[in-house]
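2 protein chains.
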Amino acid sequence: MTPSALLCQFRLIGLCRKWCSSRAFTCQAAVNQLRREQGATALAGRVDRFGGITVDLADVGLPKDISETAFADLLTDSLGRWKSEGKVAVWLRVPIAMSRCAGAAAARGFTFHHAQERHAVLSLWMGAGESKLPGFATHQIGVAGAVVDESNGKVLVVQDKNKTKNAWKFPGGLSDPGENIVTAVREVLEETGIRSEFRSLLSIRQQHNHPGAFGMSDIYVICRLRPLSYDIHFCTRECERCEWLSLAELARTADTTPITSRVARLLLHGLERGFESIDLAMEELPAVYSGMFYQLYHRQIPSS
Amino acid sequence: MTPSALLCQFRLIGLCRKWCSSRAFTCQAAVNQLRREQGATALAGRVDRFGGITVDLADVGLPKDISETAFADLLTDSLGRWKSEGKVAVWLRVPIAMSRCAGAAAARGFTFHHAQERHAVLSLWMGAGESKLPGFATHQIGVAGAVVDESNGKVLVVQDKNKTKNAWKFPGGLSDPGENIVTAVREVLEETGIRSEFRSLLSIRQQHNHPGAFGMSDIYVICRLRPLSYDIHFCTRECERCEWLSLAELARTADTTPITSRVARLLLHGLERGFESIDLAMEELPAVYSGMFYQLYHRQIPSS
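Note that the protein sequences, when read in sequence, are chains C and P. The end of the first sequence is residue 303 by numbering that gives the first Met the number 0, with every number in the run present. The end of the second sequence is residue 303 by numbering that gives the first Met the number 0, with every number in the run present.
Errors might be hidden in some of the hints.
Unchecked claim - Calculated cross-link-like contacts (lysine-lysine; reagent style DSS-like; alpha-carbon spacing at most 30 Å): (1) K82/C with K162/C; (2) K131/C with K162/P; (3) K82/P with K162/C; (4) K153/P with K131/P; (5) K164/C with K164/P; (6) K63/C with K63/P; (7) K131/P with K160/P; (8) K153/C with K164/C; (9) K82/C with K153/P; (10) K82/P with K131/C; (11) K63/C with K82/C.
Claimed, not checked - Some, not all, of what chain P presents toward chain C, calculated at C-beta under 7 Å: (12) A71; (13) D72; (14) R99; (15) L227; (16) I231; (17) L244; (18) I300.
FYI, nobody ran anything at the bench for these hints, they're computed from the structure. For each residue, glycine too, the CB sits at the ideal point set by N, CA and C.
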């Protein structure tokens, strides 16, 4: 090849490179600089008291458009360093726009721990034996309110729209993140228009592999509420029917769910002998960690 | 430029392309074929009864190494089609190795719904108003067992290793996915060596923004257990101390947590007046969906 052809070749390779993957090249340069700066050691992270390290990819100066290959190289360097330091676990927080880094991490043994909205968290156990890393949330919480009118022994019930079997049940729904069990009051208001106040916790159901919970587990709580209003204005998008039904009839009918029927019998017993025999009282106590309050439910202890 | 230089240029561009991004080119060809086969319409998905569509990227014939750009083009085509069909939501199931597709989806408005082990699920709400998509699991469940020896009024307590304050508490731990509340029995055995059987549920605490739950919520349940063995062989990795302590002393001491102290008082009351006054009984009932059983806890209803 003539010198001019060679020159042409190199200039063209340069052009092609720019044209094909200018982003990747910018990236690689930035990463190389980062590797030089960090002495080709490890991504910067926060060490925890369990011998793990957490790296937030939004926080370590990586170019947002880093390629999978470039990140894989950085991660390989880092893992070598962390292993030699005796770290037992690595947590990677990956912004959703940099998700390709999760793919590169997967090739090095990382798996998803969880993901929410605009970030994913991956983890890798490097210690001896089985992973000792804690899991993520496993349960959704559904709350329902049994609003009992003590003056006539009736309770507020609904039938869901679009269900094959029209079964009476207590109004309720899934708790939003951060909501307390007592939000049964809100659910009842939204679904039926009835205002009420929380009195007690009556029953708890735990169920696994729930199809309505993406295969996760479900805790369903029924609370006893006292009505503050009586005129029903139910949500026609959610409910087919909404009525005040006598507890005796609800305990007897086949048009209900096993749990609703059971709690109707429990409430009948409470109506006859006093609700204190079936209630779990609630109390708010200061939380250690958050400066917030937690809710504790148990049987009332008589003051001695 | 001479004809031979031109030829050289084109051959080199060809070589460079292959060298720079042979994978991307293979990819793009496969994707183009897919777009031709599918009439440039939409990724194949499963339509649900809520007007949404679910696409599993492991299942639609995409090349595993599809580039972000190629997937973005496919997704743009698909979104146009789904919108014109009036779909209100799109769910994307993304294998971890194809995580770069999550980045491309994020640029089109998708966010993470959840992720587990080797896949992530992203969602996009396209309906009117606020998203009506259900959330993912929000709570972890911790279970503890209060093993009460009725013959002497003592209860089994532990002090955690590596805690600044050595507070007595009931042995327990986080439930593994799919485990029932009654696994307090297993937790107690692993931590203390004491065999026991489940008697009742005593109390429930709900707490949000829990630092030990990745900022999510936590439900902590204390069960009453009956001892089946008495010789302590505690786990020295988890516990500093483990003892049979009198309930009266546990209810009195400052070296404990507020919840443990409270439940000690509750148990003292039960010891004096009968545990039926403080217990929630458990019953297993057949689940509608899974062919499995669920656990229902509430106050015992006396047989009438």
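Practice problem: Would you pick out the hints that fail for this structure and give their numbers low to high? | Solution: Violated: hints 1, 4, 5, 7, 9, 10, 12, 13, 15, 16, 17.
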